[in-house]
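S.K.: From just these sequences and the hints, can you work out the full model?
Remember, my numbering sits 11 above the position in the sequence shown when you count from 1.
Note that these hints are calculated values from the structure, not bench results.
Glycine included, each C-beta is placed from N, C-alpha and C at the ideal position.
Misleading hints may appear alongside valid ones.
As the list claims (entries may be wrong) - Pairs of lysine-lysine residues, derived as DSS-like cross-links and limited to a Cα-Cα distance of at most 30 angstroms, are as follows:
(1) K409 with K315
(2) K519 with K488
(3) K123 with K329
(4) K488 with K549
(5) K216 with K329
Stated by the list, open to error - Here are the computed distance ranges between Cβ atoms for each label pair:
(6) L354 with F207: 19 to 25 angstroms
(7) N356 with K474: 32 to 38 angstroms
(8) M12 with K415: 27 to 33 angstroms
(9) N121 with I351: 26 to 32 angstroms
(10) P85 with D552: 46 to 52 angstroms
(11) F357 with F307: 24 to 30 angstroms
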Amino acid sequence: MSKKEKLILFLLVIIYSLVLLLMIFTSDKLMSIDECYIGTVAKEIIRGPALSFFDYQQSDYSGESLVAAILLAPIFLIFGISIASLKMVTLFFNIPILIITFVFLKRFFNLKVAILTSVLFIFSPPIYTTISLIAITHIIKSFLFGIIILYLFYNIFYNNKYDMKNFILLGLISGFAVWFSYMSLVFIFICFLFWFVFDKKFLIKKRFIIFLIFFLIGMSPWFYYNFTHEFSGIWKFQSIYGIQDFQTRFEQGFDKLKNLFLVDFLDSFRLRDFNSLKKPHLFAYFYYFIFLTSFFFLSYINRKSILRFIFRLFSSKKTKIHEIRKETFFLIYFMLYCLIFALSNFYLHTFTIDYFRGSPRGYTFFWEGAEGYQYISILYPFIFIIISLFLSRLFNTKSSFFKKTSLVLTVFFVAYGASGMYVLIDLDNFNFQGHADYEPACYLQLIFALYAKIGYTPEIGTKLCERLDEEHYYPNKISCYERIGSGISSGYAYNLSLAMNQCDFLEKKYGTICYKGVGRRTLWWSNYNLNFSLNLCKNLDEFHKPFCEEGVLLEDKKRDYIYIK
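M.R.: Here it is as structure tokens:
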């Protein structure tokens, strides 16, 4: 890049960093209770893990929690343990995404597209901003690996850089991306389709063998985790993408696809009232309309390239690289991702304040309005790129009208994004510690997640609870052992006898707390049906029954207020 281009990129990074930091230090809306999970793992790394490192992985299908915790640990050491420190880990993903996307678009398209896309990233709709600033959202963060993969892929094929080091890097990053998030598989799958169109015999060539070897090396954390955790990641993958109920999914797929384009995308562009089911603002319609216009315009001018790509998938005819235009990948990805989503077990959903009030999770941050859109959040970078390609074409025409239209639309997107940030930023609440009424490290959340993933015996949680004291207000050993009971109850659901028997192995002082935890979680499983839960407790023996009933009543009482800690 030239000095001018580097200066432009530097200024964009500074602006983006300042915008993100401003929201981190002022907003009390960009919170998720799940974030304290990685805060706790980071704290465990600092003090020395009580468990095996991979036992701390939050979910079977994503290693993001471990990656984020590793990045967070030095931030905690330097800046102290706080909500703001926890939030800073998002900069390790958002800033590189902006930089690599800019470099990629500048190299393979032009400077205007790179700048416009960067501006759309910085001044994005609040759904994207919110999800990107939640420290534990593997779907959207997987785009970091996706754009690196795409850069390497374009560099190999469109720049004729067939060096083995490029295939080695492509393999390593692709394999690691799969462990980081299964969402990366869609990216890799579509790259394979393009690779197949370019070279029908690529599977038997040395380049692919090199790629495959280093792909498996990059996936080594995935292999280790699954070998040591009963291949739980494989079963999770099958439950989401498996074909055992494919006919049902196919029948429902059309309705999901229709709702995706007629309702979900439109709702995701809303400026405010994330928790409201009201119709989106007029500007949301306009944003969505410009995107659809951009998409169909680019699809039309690339129609020959798209059709050639599709037909060559089923043809033995050799395809030259230049026959498939560079813009085609973004259009194909968007269409195929939507189709895969329609046939998957993923669903979009919005949350309301009424739904969370009195729920066991009991908090109502803005994140709850954005969380339901996670599965389309990975498409936002593609939406930004597609719109930018369209605006760049308008600006590059000889018509002054189209040039002015491009400029006006750019101003609109900036104003729209800035308006969304206004909802999230509160300058009167500037705080270097960050805003939240819960701890950045939460052993209770960690313990509950471990029970939901690893197993239902108390030994695992005991190792962590022993790290807490009895004097500390929250969390302390009492609340920690209660959470063990809740975790055990999650595994055994309505079989309270087996759950109680697990608590029997704890020393008496904490065993009684564990029993109450089983009772508390029972009310959650019964959808807060008090009588049903109390009747379950009555079926227990005389020793366990009063503890179970006490736990149920304690949980029922908690429903009357927002429980943040």
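S.K.: Failing hints, ascending?
M.R.: Hint 3 contradicted; others consistent.
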